[in-house]
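Taken in sequence, the protein lines are chains A and B.
Residue numbering for the first sequence follows this note's numbering, starting at 1 and increasing by one per position.
Residue numbering for the second sequence follows this note's numbering, starting at 1 and increasing by one per position.
Think of the hints as simulated: they come from the structure by calculation, not from any bench.
Note that the structure is a prediction, hence the values are computed from the model and not measured.
Incorrect hints may have been included.
Said to hold, decoys possible - Simulated crosslink set (SDA-like; lysine to any residue; CA at most 25 angstroms straight-line):
1. B:K59 / A:P66
2. B:K11 / A:S35
3. B:K20 / A:E133
4. B:K20 / A:C111
5. B:K20 / B:K3
6. B:K59 / A:S35
7. B:K3 / B:E51
8. B:K59 / B:A4
9. B:K11 / A:G132
10. B:K20 / A:Y55
11. B:K59 / A:C111
12. B:K59 / A:R36
13. B:K11 / A:G53
14. B:K3 / B:E44
15. B:K20 / B:L65
16. A:K130 / A:R108
17. B:K3 / B:E55
18. B:K59 / A:R108
19. B:K59 / A:Y55
20. B:K3 / B:L45
21. A:K130 / A:A141
22. B:K3 / A:L56
Said to hold, decoys possible - Partial selection, computed: residues in chain A whose CB lies under 10 angstroms from chain B:
23. A60
24. P98
25. G99
26. L102
27. R103
28. N104
29. D106
30. A138
31. V142
32. G164
A virtual CB, placed ideally from N, CA and C, is assigned to each residue, including glycine.
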Amino acid sequence: MIWGVLQFPGSCDERDALHACEVASGEARLLWHESRDLDGVDAVVVPGGFSYGDYLRAGAIARFSPAMEAVAEFAAAGGPVLGICNGFQVLCEAGLLPGALLRNEDLRFVCRQADLIEERSGETLSIPLKHGEGRYYAPEAVLDELEASGQVAYRYAPGHNPNGSVRDIAGVRNEAGNVVGLMPHPEHAVDPLTGSTDGLRVFEAVAAAGARG
Amino acid sequence: MPKARVLIRPKEGILDPQGKAVERALPALGFEGVEHVRVGRMVELEAEDPERLGELCEKLLANPLIEDYEIQTL
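If we strip away everything but chain A, and leave its shape as in the complex, we get (with noise of 0.2 angstroms):
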């Protein structure tokens, strides 16, 4: 399987994105943001950061450019899309994911480990997380229908909401589950040495994702 991890300017962490998808199944390439092609790649990232410097809204403007419109074709057609942190609030803004990321309750940017749950197995991960607006929103009717459709992807463990995400969601899947987007850092958990290689099963069930549709 290849990887292809989107690089806009003010992306940080599409280095360790790399990394991951190179740890999960071997190859890897970053994707430039002004080019629409995707390079023949199986699954697409779009990274942590703050692309296009998050002026306006965290991802407003990285939703119009060239890649972001391939990586919007490329989902319709069930390509699997993971979006982390920034690349979740991109996916939100382009429409692909539900529901909006707004500034932290206690406006603090967090920076820390956390526990997720995995809703599908309901199994923890240990993830870290770092951001100053991940607070997961969608109106209460969204809300229920994602429930009830499984779409809460992943939820903060109880006493682990770091940001007053309603219902404690971490991260979502689009209706069809290709196109999963989360606000902690999946990449930055492959490797032991780093405290939990938690982060390859997000990377495995995203690829899994792309691999039954």
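Let chain A serve as the given structure and place chain B on it in line with the hints.
Here is chain B on its own, set in the frame of chain A:
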């Protein structure tokens, strides 16, 4: 070109921690009796076709899921 001003604010009912922080700071500075502070942003622009500003707001300047906007043509 016609000038316009777009005011963008968090939707009613959405927690606005910036507004809360400002509100909490006011009494310490001697400003009592100020409530319901909401912090948004303002965009000034000049547009050839002000008719299209609504679309522009929906698509880029505001996120209609979380923000309300108001266009003032000047």
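Comparing the hints with the structure gives:
1. Restraint check for K59 (chain B) and P66 (chain A): satisfied, since their Cα atoms lie roughly 16 angstroms apart, inside the 25 angstroms limit.
2. Note on K11 (chain B) and S35 (chain A): the hinted pairing is violated, with a Cα-Cα distance of about 35 angstroms set against a maximum of 25 angstroms.
3. Proximity of K20 (chain B) to E133 (chain A) is assessed by CA-CA distance (about 16 angstroms); at most 25 angstroms being required, the pair is judged to hold.
4. Taking the CA atoms of K20 (chain B) and C111 (chain A), the gap is near 23 angstroms; set against the 25 angstroms cutoff, the hint holds.
5. For the proposed pair K20 (chain B) and K3 (chain B), the alpha carbon gap of about 32 angstroms is over 25 angstroms, so the pair is violated.
6. With a C-alpha separation of about 22 angstroms, the suggested pairing of K59 (chain B) with S35 (chain A) holds against the 25 angstroms cut-off.
7. Taking the CA atoms of K3 (chain B) and E51 (chain B), the gap is about 12 angstroms. The hint holds against a cut of 25 angstroms.
8. For the suggested pair K59 (chain B) and A4 (chain B), the alpha carbons sit about 17 angstroms apart, so the restraint of at most 25 angstroms is met.
9. The suggested pairing of K11 (chain B) with G132 (chain A) holds, with an alpha-carbon distance near 20 angstroms, which does not exceed 25 angstroms.
10. For the hint pairing K20 (chain B) with Y55 (chain A), the CA-to-CA distance comes to about 22 angstroms; that is within 25 angstroms, so the pair holds.
11. Restraint check: the Cα-Cα separation between K59 (chain B) and C111 (chain A) comes to about 31 angstroms, which exceeds 25 angstroms; the hinted pair is violated.
12. Distance check on the hinted pair: K59 (chain B) and R36 (chain A) sit about 21 angstroms apart at the alpha-carbon level, within 25 angstroms; holds.
13. Pair hint K11 (chain B) plus G53 (chain A) holds up; C-alpha atoms about 24 angstroms apart against a cutoff of 25 angstroms.
14. Under the criterion of a C-alpha separation no larger than 25 angstroms, the hint pairing K3 (chain B) with E44 (chain B) is consistent with the structure, at around 8 angstroms.
15. This hinted pair checks out: K20 (chain B) and L65 (chain B) have alpha carbons roughly 20 angstroms apart, not beyond 25 angstroms.
16. For the given pair, K130 (chain A) sits about 10 angstroms from R108 (chain A) by alpha-carbon distance, which is consistent with the 25 angstroms threshold.
17. Taken as a hint, the K3 (chain B) and E55 (chain B) pair is honoured in the structure, with Cα atoms around 16 angstroms apart against an allowance of 25 angstroms.
18. The straight-line distance between the Cα atoms of K59 (chain B) and R108 (chain A) is roughly 28 angstroms, outside the 25 angstroms bound, and the hint therefore fails.
19. About 15 angstroms separates the Cα atoms of K59 (chain B) and Y55 (chain A), which keeps this hinted pair within 25 angstroms; it holds.
20. At roughly 6 angstroms between alpha-carbon atoms, K3 (chain B) and L45 (chain B) fall within 25 angstroms of each other, so this suggested pair holds.
21. This hinted pair does not check out: K130 (chain A) and A141 (chain A) have alpha carbons roughly 29 angstroms apart, beyond 25 angstroms.
22. For the given pair, K3 (chain B) sits about 20 angstroms from L56 (chain A) by alpha-carbon distance, which is consistent with the 25 angstroms threshold.
23. With a least beta-carbon distance of about 6 angstroms to chain B, the hint placing A60 (chain A) at the interface is held under the 10 angstroms criterion.
24. Interface restraint check for P98 (chain A): the shortest CB-CB distance to chain B comes to about 9 angstroms, inside 10 angstroms, so the restraint holds.
25. Hint on G99 (chain A) holds. Least Cβ distance to chain B is approximately 7 angstroms, under the 10 angstroms limit.
26. The beta carbon of L102 (chain A) comes within 6 angstroms of a beta carbon in chain B, closer than 10 angstroms, and the hint placing it at the interface holds.
27. About 6 angstroms separates the beta-carbon of R103 (chain A) from the nearest beta-carbon of chain B, less than 10 angstroms, and the hint is met.
28. About 7 angstroms separates the beta-carbon of N104 (chain A) from the nearest beta-carbon of chain B, less than 10 angstroms, and the hint is met.
29. Hint on D106 (chain A) holds. Least Cβ distance to chain B is approximately 7 angstroms, under the 10 angstroms limit.
30. A cut of 10 angstroms between beta carbons decides the hint on A138 (chain A): the least distance to chain B is about 7 angstroms, and the hint holds.
31. A least Cβ separation of about 9 angstroms between V142 (chain A) and chain B falls short of the 10 angstroms threshold, and the interface hint therefore holds.
32. The interface hint given for G164 (chain A) holds, since its Cβ lies 7 angstroms from the closest Cβ of chain B, which is under the 10 angstroms cut-off.
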